[in-house]
Amino acid sequence: MFKNLLLRDLRLAYYSSSNFIYIGSFFILITILIPFVINTGTEDFTSVFQGLIWVGLALSLLLALDKIFSSDFDDGNLDIILRMEISYDKIYLSKLLSVWITYCLPIVIIVPLISTVFNLTINETIFITVNLFCGSFGMTATAIAINALLMGLKRMIYLKSIIIIPLYIPFMIFGVEQGSWPVLSALSMIAVVVASFATSYGLRLYGE
Amino acid sequence: MDYLLAENLSCIRGSNTVFKNLSFKVSRGQILHITGTNGSGKTSLLRMIAGFIDPSDGKIIPEQNYTYKDVHFVGQKYALKKNLSVEKNLSLWSHLYQKKINTDQILSDLDLAQYKNNDTEVLSDGQKRRLSIARLFIHSAPIWLLDEVHVHLDSEWQVKLNQYIYNYTNEGGMVLISSNTKIELNSNIDINLTHYNV
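Chains as they are written, first to last, in the numbering used here: chain A, -15 to 192; chain B, 10 to 207.
Hints listed in this document are in silico derivations from the structure and should not be mistaken for laboratory results. The C-beta atom is built at its ideal place from N, Cα and C for all residues, glycine as well. One should not assume that every hint holds.
What the hints assert, rightly or not - The calculated DSS-like cross-link candidates involving lysine-lysine, where the alpha carbons are at most 27 Å apart (straight line), are:
| id | chain 1 | residue 1 | chain 2 | residue 2 |
| --- | --- | --- | --- | --- |
| 1 | B | 91 | B | 108 |
| 2 | B | 78 | A | 74 |
| 3 | B | 191 | A | -13 |
| 4 | B | 86 | A | 74 |
| 5 | B | 108 | A | 74 |
| 6 | A | -13 | A | 74 |
| 7 | B | 109 | A | 74 |
| 8 | B | 125 | B | 169 |
| 9 | B | 125 | B | 90 |
| 10 | A | -13 | B | 108 |
| 11 | B | 68 | B | 91 |
| 12 | A | -13 | B | 109 |
| 13 | A | -13 | B | 78 |
| 14 | B | 169 | A | -13 |
| 15 | B | 90 | A | -13 |
| 16 | A | 74 | B | 90 |
What the hints assert, rightly or not - Simulated coverage check for chain A against chain B, where a stretch passes if three residues somewhere in it have a Cβ under 8 Å from a Cβ of chain B:
| id | segment |
| --- | --- |
| 17 | -13 to -3 |
| 18 | 60 to 74 |
Just need the whole structure built from these sequences, with the hints factored in.
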């Protein structure tokens, strides 16, 4: 059942406009356009890029805010999902994987490809990609938990954004530091565990 | 499961008591028709039986051997993705229910074959309702909980839906259906929730 829900969510992402190509294009545009408006030398592009990828990741996840649970809640599909033979924890895990694959994996793949444009060495590219990989799970889990808790609030995407962005700050602070992947992994693990409880609670509240 | 028994059910939403001391028994092969005015608690009762809401008081029996997976809840929402085609929506449901489906056959039965590749947002409300009923044929469960599913259907399709319900109960299924308009349904038990409002 877990596999079916995961495949269904991935298929839905593929069918809808939030598919992998859109997210990848969105991220590339952000990383390419912002240096145009920042008055800095070529040598500073490296540090700008390191910050930009985290902003790009955060913005990509914000794009997902009206998709995770909320669209299924609005159209009634959540009624079907919650009456299937699957626990809340597995629903959460399935969402975590599907959202990560849809919104984070394209970025993790693109970053090494475009890092040469920003004069990054191979070592720096590896550090950034590993940091991104480790931190993105925690950021995804945070987005899922907030959505599960607030899915009943119509047109509250701005409120969700305001709640979520401060929670991303620790990931961004450590994300730009080379070799901070153990800290990011720890943060992600904490976020994934806390988010599983928050998501289960949000889904239980759903009927009310 | 041979029967579903509700004993002194009460539903309190916020500070309002929606209904109180509601008891009934439905057996296999029977139809329970729930009527009542707007806000009398029809949807709340069905969502309570489906397990989305806990009873404020009273209980639903059997408490054992009854899981919420035994119910097939078709609510007022169509459960359709409006920017996806009719065929893709059916495909998503088949993934959720883990059932292989014959899309052409289902759409033909529902007189929707010509809309197979159209986005569901171009369908009329009646056509969307017909498509949402397709879920009943994709997945089987011992209990159907149907919340105002006759709404938007024309008289011909209301009769067809009733026939689907009769066929299902003749095969041993149990149906709890709500409506706030007059529908020509030969039910075994009728409950007017307005009488249980406080």
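Taking the hints in turn, this is what the structure says about them:
For the hint linking residue 91 of chain B to residue 108 of chain B, the alpha-carbon distance of about 22 Å falls within 27 Å, and the restraint holds. Of the pairs offered as hints, the one joining residue 78 of chain B and residue 74 of chain A holds, with about 16 Å between alpha carbons and a cut-off of 27 Å not exceeded. Distance hint between residue 191 of chain B and residue -13 of chain A is unfulfilled; the C-alpha atoms sit about 43 Å from each other, more than 27 Å. Restraint check: the Cα-Cα separation between residue 86 of chain B and residue 74 of chain A comes to about 25 Å, which is no more than 27 Å; the hinted pair holds.
Of the pairs offered as hints, the one joining residue 108 of chain B and residue 74 of chain A holds, with about 20 Å between alpha carbons and a cut-off of 27 Å not exceeded. Taking the CA atoms of residue -13 of chain A and residue 74 of chain A, the gap is near 10 Å; set against the 27 Å cutoff, the hint holds. Simply put, residue 109 of chain B and residue 74 of chain A have alpha-carbon atoms about 23 Å apart, close enough for the 27 Å limit, and the pair holds. Restraint check for residue 125 of chain B and residue 169 of chain B: satisfied, since their Cα atoms lie roughly 21 Å apart, inside the 27 Å limit.
Of the pairs offered as hints, the one joining residue 125 of chain B and residue 90 of chain B holds, with about 14 Å between alpha carbons and a cut-off of 27 Å not exceeded. Proximity of residue -13 of chain A to residue 108 of chain B is assessed by CA-CA distance (about 13 Å); at most 27 Å being required, the pair is judged to hold. A threshold of 27 Å between alpha carbons decides the hint, and for residue 68 of chain B with residue 91 of chain B the separation of about 38 Å lies outside it, so the pair is violated. Between the alpha carbons of residue -13 of chain A and residue 109 of chain B the distance comes to roughly 15 Å, so the proposed pair stays at or under 27 Å and holds.
At most 27 Å may separate the alpha-carbon atoms for a hinted pair to count; residue -13 of chain A and residue 78 of chain B meet this at roughly 18 Å. With a C-alpha separation of about 35 Å, the suggested pairing of residue 169 of chain B with residue -13 of chain A is violated against the 27 Å cut-off. Annotation: proposed proximity of residue 90 of chain B to residue -13 of chain A holds, straight-line Cα distance about 21 Å (limit 27 Å). Taken as a hint, the residue 74 of chain A and residue 90 of chain B pair is honoured in the structure, with Cα atoms around 23 Å apart against an allowance of 27 Å.
Using a Cβ-Cβ cut-off of 8 Å, 6 residues of the segment -13 to -3 of chain A lie near chain B, which meets the minimum of three, so the contact claim holds. Taking a C-beta to C-beta cut-off of 8 Å, the segment 60 to 74 of chain A contributes 9 residues in contact with chain B, enough for the three needed, and the coverage statement holds.
When each numbered hint is compared with the structure, violations occur for hints 3, 11 and 14.
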